[in-house]
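*Asks:* For the sequence shown, the numbering used here gives the first residue as 1, with consecutive numbering after it.
The set of hints was computed from the structure by calculation and includes no laboratory data.
In this text, a Cβ means the ideal position worked out from N, Cα and C, and glycines have one as well.
Some clues are possibly wrong.
Derived CB-CB ranges, DEER-like [said to hold, decoys possible]: (1) Pro95 - Leu31: 15 to 21 Å; (2) Asp72 - Ala22: 21 to 27 Å; (3) Thr98 - Asp24: 34 to 40 Å.
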Amino acid sequence: MNTLSMTENAAKRISELIVNEANDTSMLRVLVSSGGCSGFSYSFELESKINNDDQVFEQHGIKTVIDDISLDILGNSEIDFVEDLVGSAFKLNIPNATSSCGCGVSFAV
Numbered sequence: 001m002n003t004l005s006m007t008e009n010a011a012k013r014i015s016e017l018i019v020n021e022a023n024d025t026s027m028l029r030v031l032v033s034s035g036g037c038s039g040f041s042y043s044f045e046l047e048s049k050i051n052n053d054d055q056v057f058e059q060h061g062i063k064t065v066i067d068d069i070s071l072d073i074l075g076n077s078e079i080d081f082v083e084d085l086v087g088s089a090f091k092l093n094i095p096n097a098t099s100s101c102g103c104g105v106s107f108a109v
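Construct the complete structure from the given sequences, taking the supplied hints into account.
*Replies:* Rendered as structure tokens:
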């Protein structure tokens, strides 16, 4: 079974974003779309709706929502939040990726 996990750093930052949004029912949605430099790209958004084809994972008090097709592509990936000299961003560590682009959000499987 495919899962989606999250680091404590990511959960902490998402919690801060949810508080700033003033909607405590918000969850993190992970989306995969075709395109990008390497074939697929991923994105994140906050929302409070769960669709029929969604899977919900909860870790560190944060719910993550992902549709079945995206989960098949991103299975067993880990969401992280990293901060460095260049800036800060959410990153997805994708074990199924055969290649990725320097942009950090485009990958191939």
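*Asks:* Could you run down the list of hints and mark each one as holding or not?
*Replies:* Hints versus structure:
no. : hint                      : result
1   : Pro95 - Leu31: 15 to 21 Å : holds (19 Å)
2   : Asp72 - Ala22: 21 to 27 Å : violated (34 Å)
3   : Thr98 - Asp24: 34 to 40 Å : holds (39 Å)
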